[in-house]
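Q: Residue-level listing of the chains:
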Amino acid sequence: MEAIQHKAEDIVDELTLVQAAKKGDLEAFSQLVKRYDRNIFRIAQHITHNEEDAQDVVQEAFLKAYRNLQQFQGNSKFYTWLVRIAVNEALMKLRRRRADKTVSIDEDVETEDGSMPREVADWSPNPEQLYGQSELGDILKKTIQGLPPGFRTVFVLRDVEGLSTEETAEMLGLSVPAVKSRLLRARLQLRERLSKYFKKSKRGGESQP
Amino acid sequence: MKCTEFLKELTDYLDDAISPGVKSELEEHLHWCHDCEVVLNTTQKTIEIYRNNKLYELPETLRVRLHEVIMTKCKGSRQSKKHST
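So the sequence lines, in the order shown, correspond to chains A and B. Per the numbering used here, the very first residue in the first sequence carries number 1; after that it's consecutive. Per the numbering used here, the very first residue in the second sequence carries number 210; after that it's consecutive.
One or more hints might be untrue.
The list that follows gives simulated cross-link-like pairs (lysine-lysine, BS3-like), each with its CA atoms no further than 30 Å apart [stated by the list, open to error]:
id, chain 1, residue 1, chain 2, residue 2
1, A, 23, B, 282
2, B, 282, A, 34
3, B, 217, A, 199
4, A, 199, B, 232
5, A, 22, B, 282
6, B, 211, A, 200
7, A, 142, B, 217
8, A, 200, B, 217
9, A, 199, B, 211
10, A, 141, B, 217
11, B, 263, A, 142
12, A, 77, B, 282
13, B, 263, A, 200
14, B, 263, A, 34
15, A, 77, A, 22
16, B, 284, A, 34
17, A, 77, B, 284
Residues from chain A that keep clear of chain B, each with C-beta distances beyond 12 Å, as calculated [what the hints assert, rightly or not]:
id, residue
18, 19
19, 75
20, 76
21, 80
22, 94
23, 97
24, 98
25, 170
26, 175
Calculated from the structure, these hints are not laboratory results. Since this is a predicted model, take the numbers as computed values, not measurements. Glycine included, C-beta positions come from ideal geometry on N, C-alpha and C.
Required output: the full structure, derived from the provided sequences and hints.
A: So this is what it looks like as structure tokens:
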């Protein structure tokens, strides 16, 4: 697993790099870019669904972080602060591309119906093996893209990137209960949609939708 | 406990963020409710599948290119700051 590790030496190291970058050490900032660019790209792609936009988000987020480094107080981790910048940039991109300009992390979409489990068939013991790697990737992308932006962002930060509920709340400017409620609904909706592909067929064989 | 109450606690149960008392109530419910057991197991698998199959990996060539652009812009922004002060 490639999630950001929260080991003490990492935190110290990050802080040292940030302090050096603040004093004008460009190489230190370059290290920070290398450390987090993959995560920022992945988060941005999940929000925007567009590779070009995700590349822009990576550039703009790091550049904005660099320009505003003096304002970074060190009360939170640099990574938390960086993701917050990147999420805002990504939502802005998404808004520009969508007809309705109301995309927001705060939107509490009426999705109770979509979150109540209807599909209760068990899955095949090894659902990932039912499909080839690229087909599986397409299914996973298509499924997560169907979630409202606020839901998929919370799911990606918590369950894909492995961040804590508190960190996710801080990154998104949401309360802890709001993060938990979105996470539950995101998980249930993804489960419901994936069931179509992964459930056992009634005849005992594997099902294909 | 009703299924709707179970669902409400599902996320905290999966994240192991509940008190032992609530946990044992949930497990008692799971003991006789097959549907909730399936929902729990398949939700767990949902999380694992997304965690194990990371989508949107940044290709190395693109990564190198992005890094160059970012660092050039940072350098530029530092110099323009120097000139303006």
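Q: Please go over all the hints and tell whether each is borne out by the structure.
A: The hints, checked one at a time:
{"no.": "1", "hint": "A/23 - B/282", "result": "holds, 17 Å"}
{"no.": "2", "hint": "B/282 - A/34", "result": "holds, 15 Å"}
{"no.": "3", "hint": "B/217 - A/199", "result": "holds, 23 Å"}
{"no.": "4", "hint": "A/199 - B/232", "result": "holds, 27 Å"}
{"no.": "5", "hint": "A/22 - B/282", "result": "holds, 16 Å"}
{"no.": "6", "hint": "B/211 - A/200", "result": "holds, 26 Å"}
{"no.": "7", "hint": "A/142 - B/217", "result": "holds, 26 Å"}
{"no.": "8", "hint": "A/200 - B/217", "result": "holds, 26 Å"}
{"no.": "9", "hint": "A/199 - B/211", "result": "holds, 25 Å"}
{"no.": "10", "hint": "A/141 - B/217", "result": "holds, 26 Å"}
{"no.": "11", "hint": "B/263 - A/142", "result": "holds, 14 Å"}
{"no.": "12", "hint": "A/77 - B/282", "result": "holds, 24 Å"}
{"no.": "13", "hint": "B/263 - A/200", "result": "holds, 24 Å"}
{"no.": "14", "hint": "B/263 - A/34", "result": "holds, 18 Å"}
{"no.": "15", "hint": "A/77 - A/22", "result": "holds, 15 Å"}
{"no.": "16", "hint": "B/284 - A/34", "result": "holds, 16 Å"}
{"no.": "17", "hint": "A/77 - B/284", "result": "holds, 24 Å"}
{"no.": "18", "hint": "19", "result": "holds, 16 Å"}
{"no.": "19", "hint": "75", "result": "holds, 23 Å"}
{"no.": "20", "hint": "76", "result": "holds, 21 Å"}
{"no.": "21", "hint": "80", "result": "holds, 19 Å"}
{"no.": "22", "hint": "94", "result": "holds, 15 Å"}
{"no.": "23", "hint": "97", "result": "holds, 17 Å"}
{"no.": "24", "hint": "98", "result": "holds, 20 Å"}
{"no.": "25", "hint": "170", "result": "holds, 17 Å"}
{"no.": "26", "hint": "175", "result": "holds, 15 Å"}
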